[in-house]
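J.: Starting from the known structure of chain Z, arrange chain S on it as the hints suggest.
Top to bottom, those sequences are chains Z and S.
If you're matching positions, the first sequence starts at 0 in numbering that gives the first Met the number 0 and goes up one per residue.
If you're matching positions, the second sequence starts at 0 in numbering that gives the first Met the number 0 and goes up one per residue.
Any given hint could turn out to be false.
Facing chain Z, a subset of chain S residues (Cβ under 7 Å, in silico) [claimed, not checked]:
id: 1; residue: Thr9
id: 2; residue: Leu13
id: 3; residue: Glu82
id: 4; residue: Gly85
id: 5; residue: Ala110
id: 6; residue: Ile200
id: 7; residue: Gly285
id: 8; residue: Gly286
id: 9; residue: Leu287
id: 10; residue: Gly289
id: 11; residue: Gly290
id: 12; residue: Gly305
id: 13; residue: Ile307
id: 14; residue: Ser308
Honestly, the hints are just simulated from the structure, not real lab data.
Values in this document were obtained by computation on a predicted structure and should not be read as measured data.
For glycine and all other residues, C-beta sits at the position ideal for the given N, C-alpha and C.
Number of protein chains: 2
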Amino acid sequence: MKCNVVAVGTELLLGQIVDTNSSYIGEQLAAVGIGSHLQLKVGDNLARVVAAIRLALEDADAVIICGGLGPTHDDLTRDALAEIMGVPLEHNDHIAQLITNLFATRNRYMAPNNLNQAQVPRGATIIEQTRGTAPGLMCPVGNKVMYAMPGVPHEMYDMMSRAVLPDLLERSGEASVIKSLVLRTWGESESALNERLDPIIDELETLGNPTLAFLASGWEGIKVRLTVKAATDTEADALLSTWEHKVRALTDDLVFGTNTDTMESVVLKLLEQRGWTLGIAESVTGGLVGGRITSIPGASRTFRGGIISYTSEVKFDVLGVDRGPVVSEQAAIQMAVGAQRTLNASVGLALTGVAGPDEQDGQPVGTLCVGIAFPDGRTFSSISQLPGQRDQMRQFSVINALSFLRKLLLAEPR
Amino acid sequence: MKCNVVAVGTELLLGQIVDTNSSYIGEQLAAVGIGSHLQLKVGDNLARVVAAIRLALEDADAVIICGGLGPTHDDLTRDALAEIMGVPLEHNDHIAQLITNLFATRNRYMAPNNLNQAQVPRGATIIEQTRGTAPGLMCPVGNKVMYAMPGVPHEMYDMMSRAVLPDLLERSGEASVIKSLVLRTWGESESALNERLDPIIDELETLGNPTLAFLASGWEGIKVRLTVKAATDTEADALLSTWEHKVRALTDDLVFGTNTDTMESVVLKLLEQRGWTLGIAESVTGGLVGGRITSIPGASRTFRGGIISYTSEVKFDVLGVDRGPVVSEQAAIQMAVGAQRTLNASVGLALTGVAGPDEQDGQPVGTLCVGIAFPDGRTFSSISQLPGQRDQMRQFSVINALSFLRKLLLAEPR
Numbered sequence: 000m001k002c003n004v005v006a007v008g009t010e011l012l013l014g015q016i017v018d019t020n021s022s023y024i025g026e027q028l029a030a031v032g033i034g035s036h037l038q039l040k041v042g043d044n045l046a047r048v049v050a051a052i053r054l055a056l057e058d059a060d061a062v063i064i065c066g067g068l069g070p071t072h073d074d075l076t077r078d079a080l081a082e083i084m085g086v087p088l089e090h091n092d093h094i095a096q097l098i099t100n101l102f103a104t105r106n107r108y109m110a111p112n113n114l115n116q117a118q119v120p121r122g123a124t125i126i127e128q129t130r131g132t133a134p135g136l137m138c139p140v141g142n143k144v145m146y147a148m149p150g151v152p153h154e155m156y157d158m159m160s161r162a163v164l165p166d167l168l169e170r171s172g173e174a175s176v177i178k179s180l181v182l183r184t185w186g187e188s189e190s191a192l193n194e195r196l197d198p199i200i201d202e203l204e205t206l207g208n209p210t211l212a213f214l215a216s217g218w219e220g221i222k223v224r225l226t227v228k229a230a231t232d233t234e235a236d237a238l239l240s241t242w243e244h245k246v247r248a249l250t251d252d253l254v255f256g257t258n259t260d261t262m263e264s265v266v267l268k269l270l271e272q273r274g275w276t277l278g279i280a281e282s283v284t285g286g287l288v289g290g291r292i293t294s295i296p297g298a299s300r301t302f303r304g305g306i307i308s309y310t311s312e313v314k315f316d317v318l319g320v321d322r323g324p325v326v327s328e329q330a331a332i333q334m335a336v337g338a339q340r341t342l343n344a345s346v347g348l349a350l351t352g353v354a355g356p357d358e359q360d361g362q363p364v365g366t367l368c369v370g371i372a373f374p375d376g377r378t379f380s381s382i383s384q385l386p387g388q389r390d391q392m393r394q395f396s397v398i399n400a401l402s403f404l405r406k407l408l409l410a411e412p413r
Numbered sequence: 000m001k002c003n004v005v006a007v008g009t010e011l012l013l014g015q016i017v018d019t020n021s022s023y024i025g026e027q028l029a030a031v032g033i034g035s036h037l038q039l040k041v042g043d044n045l046a047r048v049v050a051a052i053r054l055a056l057e058d059a060d061a062v063i064i065c066g067g068l069g070p071t072h073d074d075l076t077r078d079a080l081a082e083i084m085g086v087p088l089e090h091n092d093h094i095a096q097l098i099t100n101l102f103a104t105r106n107r108y109m110a111p112n113n114l115n116q117a118q119v120p121r122g123a124t125i126i127e128q129t130r131g132t133a134p135g136l137m138c139p140v141g142n143k144v145m146y147a148m149p150g151v152p153h154e155m156y157d158m159m160s161r162a163v164l165p166d167l168l169e170r171s172g173e174a175s176v177i178k179s180l181v182l183r184t185w186g187e188s189e190s191a192l193n194e195r196l197d198p199i200i201d202e203l204e205t206l207g208n209p210t211l212a213f214l215a216s217g218w219e220g221i222k223v224r225l226t227v228k229a230a231t232d233t234e235a236d237a238l239l240s241t242w243e244h245k246v247r248a249l250t251d252d253l254v255f256g257t258n259t260d261t262m263e264s265v266v267l268k269l270l271e272q273r274g275w276t277l278g279i280a281e282s283v284t285g286g287l288v289g290g291r292i293t294s295i296p297g298a299s300r301t302f303r304g305g306i307i308s309y310t311s312e313v314k315f316d317v318l319g320v321d322r323g324p325v326v327s328e329q330a331a332i333q334m335a336v337g338a339q340r341t342l343n344a345s346v347g348l349a350l351t352g353v354a355g356p357d358e359q360d361g362q363p364v365g366t367l368c369v370g371i372a373f374p375d376g377r378t379f380s381s382i383s384q385l386p387g388q389r390d391q392m393r394q395f396s397v398i399n400a401l402s403f404l405r406k407l408l409l410a411e412p413r
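If we strip away everything but chain Z, and leave its shape as in the complex, we get (with noise of 0.2 Å):
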């Protein structure tokens, strides 16, 4: 079973958005076993969608659009599926019902256009929405099928699970399973990290199953991601379990994590662990720690809080920092500890460094000082110079910071 996806929109040829619905799309079919082995970009032109449905349809079983399907002149996607199909768009009272339902309920005007979303090419089946007004469709074309989803991610998502994956599992009757394994990695490169596995690399390549991949995913780290196909969900695990080891072995003190867990994720878990509260204080970093630390449900537990000291005044007068230069590790551990002290948390970690794009304090962009402060009063520093520009630069920096707290963590009993 083969599965192709088409984005439908100019703004994504033009890069005023960044597709990132084919990319969700392929992770969920990836994992029930279903190939996808092309995915295009196609601008708002009728004959242009067409044509790239066509040809995404020609090597698969099945195609997914996504877009195309809102209210406005420029939504083409319905349009051009009745042509593939070869029927007429129909009027669909139960939709136009919905729609006016939907706005009515949430007290909102409804511009007459939302009803261009209750036409459906006749002989589609449809997706009903459950958060918007498009509806999705299921469209038979031959022996094949095509699949219409809203662009809006959120509306996607839902139809996608649903409704598009059962009915794609039905048709590839029994699918093999594929199921991958990544484990997240902070402080080696791609290259090394490809050196230190090269002894099971070419086992995998005679093998072909499973397979391995790198992944350099910004403050995400670096990902090793493990693929494997199997008859059953049991021989996929076992076959994992086993190549999970012999990649551990060659790397457990890069590995912070796997699948989803992030580095400010493993941190919050090792903290709650040791009943210990967060305090942070960032400068660089203006809030980027601490936005990613929030990003994840019952954060509260365990985060108190922060102090954004991105002016020095507020280094010296909030956080108790000593007037002087503020990119060092000396000033890192005063904010630490101000920001423990501040915000009555167990730990506190503090960041400060030059972003660019001017130097400051005679340190060069990209330098990174890292404070820390443990409950009974101990501190810690580190110094590092990251690469990048502005944004990689932070981004560097959170996950930076935080691997540092990580490994003192790990050394701390529970």
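T.: Frame of chain Z; chain S shown alone:
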């Protein structure tokens, strides 16, 4: 002149990383009047990479290939290019030396596999690196051309502007100019925006130039993009400004900026014009507002810092909020006043709300309270119900709060 794009990497199809490179490339091409009608993602499989590049070449004069130039075993772009050109790969001593020197000057150990990057298809022109190790390649094939660049974004950006775009423009001869103008809006839905613009949309569709599109972009707001084609820069600018005025006439109350303006950059400018500084208090957003503001170089001229008062105790003890419910307009105002005082800022901006998964203080998920304190002691507050899951609700909270502050600032004398 048409140039298609191929992004190489199984991780892209499996959705383990999102393809932002082809979006960037599409944006750069459009800006210089080169059309891109097809953008493909393909996995790390030699036969499929070759097929995808051939497909992309079919209806274009050039193809840009991104990724697969790294040192590891799954980097196959060099082999694919050689196969399509029908030439062998040759070891390039100059590149090998550059790579070796780079590691030496950084005092980093060089894994031998890095020298794979010195393999060059015979007849290809090299695009030297200024940041990383893998060189880019310009590969003639018949009367067309293939450009290969690394998948590491900042390395690709550099090669794109330094080598690929100039070469494309030279080949395209008199490229007609394509220019876009983006009006950044906040406060209306996409369909309501569309209806406001109905009068001119019909006119635009008859003319065919400029084109108009809507892009819903999370905390970037909803973008209204005008794209014009013209023979010269001057004509393009004139046409754009004519239509900018027509669009603004119907939407001006919603437009907060243009092109690269963001709500945070606009708010910082308004504060700076009034000689005011900003201090923030974040609960529901946990640092995201600070992270956005400090992504702007020079923010320190205006932004003093913030208090991430994630737990109630920090609101009470650090910001002086009255004990009691912390998701209310009153609490938001007290947080703003507390931030203003603690951070010695002219203006205090505070956010408290419920991102979920659970409700809080009897307020449903999606509730956002914003508080603002002005230098003369006046305070303001708002309460809204925002849509979406945790991440989306937090994003909307950031732009919602900054938009509220923007409107209040516009009413203040400079």
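J.: Hint check: is the beta carbon of Ile200 of chain S less than 7 Å from a beta carbon of chain Z?
T.: Holds. Min distance 6 Å.
J.: Quick check on Ile307 of chain S please, does its C-beta sit within 7 Å of some C-beta on chain Z?
T.: holds (4 Å)
J.: For the hint on Leu287 of chain S, does the least C-beta distance to chain Z fall short of 7 Å?
T.: Holds - the Cβ of Leu287 of chain S comes within 7 Å of chain Z, reaching about 4 Å at its closest.
J.: Interface hint check: Gly290 of chain S, Cβ to nearest Cβ on chain Z, cutoff 7 Å. Holds or violated?
T.: At about 4 Å, which falls below the 7 Å cut-off, the nearest Cβ of chain Z leaves the hint on Gly290 of chain S intact, so it holds.
J.: Measuring from the C-beta of Ala110 of chain S to each C-beta in chain Z, is the shortest one below 7 Å?
T.: Holds. Min distance 4 Å.
J.: Can Thr9 of chain S be said to touch chain Z, with a Cβ gap under 7 Å?
T.: With Cβ-Cβ at 6 Å, under 7 Å, it holds.
J.: Given Gly85 of chain S as an interface hint, is its Cβ closer than 7 Å to any Cβ of chain Z?
T.: violated (24 Å)
J.: Using 7 Å as the Cβ threshold, decide whether Glu82 of chain S counts as touching chain Z.
T.: violated (18 Å)
J.: Should the interface hint for Gly305 of chain S be scored as holding, given a Cβ-Cβ cut-off of 7 Å against chain Z?
T.: Holds. Min distance 4 Å.
J.: At a threshold of 7 Å, is the proposed contact between Gly289 of chain S and chain Z supported by beta-carbon distances?
T.: OK, holds: Gly289 of chain S within 7 Å of chain Z, min 3 Å.
J.: Minimum Cβ distance from Leu13 of chain S to chain Z below 7 Å?
T.: holds (5 Å)
J.: Go through the hint on Gly285 of chain S and say holds or violated, using the shortest Cβ distance to chain Z against 7 Å.
T.: holds (3 Å)
Hints 3, 4 from the earlier list are contradicted by this structure; the remaining hints agree with it.
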